Structure formats: structure tokens, C-alpha cells
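*Asks:* Using our numbering, you'd call the opening residue of the sequence shown number 39 and step up by one each time.
Simulated from the structure, these hints should not be mistaken for laboratory data.
Incorrect hints may appear among the rest.
[Unchecked claim] DSSO-like cross-link-like pairs, simulated, lysine-lysine; straight-line CA separation at most 27 angstroms:
no., residue 1, residue 2
1, K101, K61
2, K61, K93
3, K88, K61
4, K93, K67
5, K263, K233
6, K101, K88
[Unchecked claim] Quick list of the computed label-pair ranges, beta carbon to beta carbon:
no., residue 1, residue 2, range
7, S42, D243, 47 to 53 angstroms
8, Q202, D138, 19 to 25 angstroms
9, M252, R84, 45 to 51 angstroms
10, V174, D71, 48 to 54 angstroms
11, N131, D223, 55 to 61 angstroms
12, R227, K67, 47 to 53 angstroms
None of the values given here were measured: they were computed from a predicted structure.
Every residue, glycine too, gets a C-beta built ideally from N, C-alpha and C.
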Amino acid sequence: MSSSFHASTVDWLGGWIAAGQVKPGQTIKVEADLGEQLGVSRTVIREAIKTLVAKGMLEVGPKVGTRVLPVRRWNLFDPQVVGWLSRSGLPENFVDDLLDLRRTIEPMAVRWACERATAEQVQAIRVAYHALERAVDSGADYNRADQFFHECILAASHNQFIEQMVPALGALLAVSFEVSAADPDELRRTLPIHKDIAEAIAARDATRGVWACMTLIDNADLAIKRFYPNVMAGRPDNAGAPGDRRFQ
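Please construct the entire structure, taking both the sequences and the accompanying hints into account.
*Replies:* Encoded structure:
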């Protein structure tokens, strides 16, 4: 089985389901029909379904067939699942829950980074901040620089559970940053707050760092509430429609 066919099939099916083409509780087409539609073998379809079962998106049973599970059952810490959901626009309550997650994890990660970061990690956070600064001035990929800055802080918390969550949190943060950055003034407005966080970690000042982190998240919350509808309205549905034989 071609690994590229497998990856492409998983991506199409995952995006198709996340876009709401099949509702929770409904069954998807049988393997032969999906294989015919996508131009791949039953084996490729079967293995792709196994992958989505492992991600909590599908359930397979002898009497129910292959059924789509509710989103609450999906593995929302899987970067690929988050990517599929974000393609056609996340529901606003998802973004609200994401902000709640950030408020739960990031301030404590900043506190622990103030207490536990190595000299090398403090320097990495400084370097990440300067990359963020350059991105604002140059118009480069600010969201990626912002994501890397926060990932450096999460890693510097020296909490093994948070460290293992960094890939998933990075994908979730990317969604939050994309929406909040829709405000053209948001980037420059929040740059000094990022600097406060970096300097607080370098100075081992947990109180300052936590306060700056909470301020940053609150700013993101305000920006998202102002600009979220416009950002989501402009998103294309990249999942494709049934009948799209994109692998031939």
C-alpha cells in the first residue's frame, strides 16, 4: 500500500468528516464506494478508517457499520484533527474553550519557566522574541513566530505532561493566533507584552510574567470577539465534496 495514498486518503476523509459532510451518528459509505469515489483500493480505505478510529472520529461495529462520533469524542489534542476542524471554520464555542485552555496552562507554564528555565532556554525565548519583533517589522509569518515563542515557553516549564502536549498545543495556538491577528493593530499592540514575558522569565520574576501572560490572553479574547466572524466567513472549505476524485 502506498504510504502517500494512505496519507492522502486519511487527509481527505478526516477533512470531509470535520467539514460536516457526515453528521455525528450517521454512517459513512462502505469501503467499496469510498474506494471508487477516491480512486484507491479497499485496503487503503480500510487502513484510513482505522487511523480515524484511533483519532476518535469514527466507530466501527458489526451492526452499526462505520459511524461518525460526536466532536467531543475526537482527539482534540491531535494536530491533524485540529487542522481538519479549522479548514472550514471552527465554531465560536471551540475558540472560547481554546482560550479557557490557554488560561489554564500558559500562565502556569510561564511561572514554571521563570523558576526552572535553563540559561539556554532563557536565551532561546529571547531569540524567539526578537524573531517575533522582526516579523512585525517585515510583515513575515508573524503567526509562526508567535507560535514558536510560546512553544519555547512551554518547553521551559520542565513539566513532562506539558512538554508532551507541545505539538498539539502548538496547533491549537496557531488557530488562536490566526484569528486574533486579523486585527491589523493587534500585532504591534501585543509585542510589548511578549517582551514583558521574555524579560520576566529572564529576571525570574514569576509575578510579572504571569500577569503579562494573562494580559496577552485577554487581549486575544477581545480581538477574537471583534474579528472572528470575518475571519471564519473568509475561509474556504478545503475538505472537498463527495465525488472529488483527487487521487487519480
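*Asks:* Now, for every hint given, state plainly whether the structure supports it.
*Replies:* Now the hints, each set against the structure:
Distance hint between K101 and K61 is fulfilled; the C-alpha atoms sit about 18 angstroms from each other, no more than 27 angstroms. As the CA atoms of K61 and K93 are separated by approximately 17 angstroms, the hinted pair is consistent with the 27 angstroms bound. Of the supplied pair hints, the one linking K88 and K61 holds, its CA atoms being roughly 19 angstroms apart against a limit of 27 angstroms. Taken as a hint, the K93 and K67 pair is honoured in the structure, with Cα atoms around 19 angstroms apart against an allowance of 27 angstroms.
Annotation: proposed proximity of K263 to K233 holds, straight-line Cα distance about 24 angstroms (limit 27 angstroms). As the CA atoms of K101 and K88 are separated by approximately 17 angstroms, the hinted pair is consistent with the 27 angstroms bound. In this structure the supplied range 47 to 53 angstroms holds for S42 paired with D243, their Cβ-Cβ distance being about 50 angstroms. In this structure the hint that Q202 and D138 lie 19 to 25 angstroms apart at CB holds, the actual value being about 20 angstroms.
Checked against the hint of 45 to 51 angstroms, the C-beta distance between M252 and R84 comes to roughly 47 angstroms, which is consistent with it. In this structure the hint that V174 and D71 lie 48 to 54 angstroms apart at CB holds, the actual value being about 50 angstroms. Take N131 and D223: their Cβ atoms lie about 26 angstroms apart, and the range 55 to 61 angstroms is violated. Checked against the given bound of 47 to 53 angstroms, the beta carbons of R227 and K67, roughly 49 angstroms apart, stay inside it.
Consistency note: the structure conflicts with earlier hint 11 alone.
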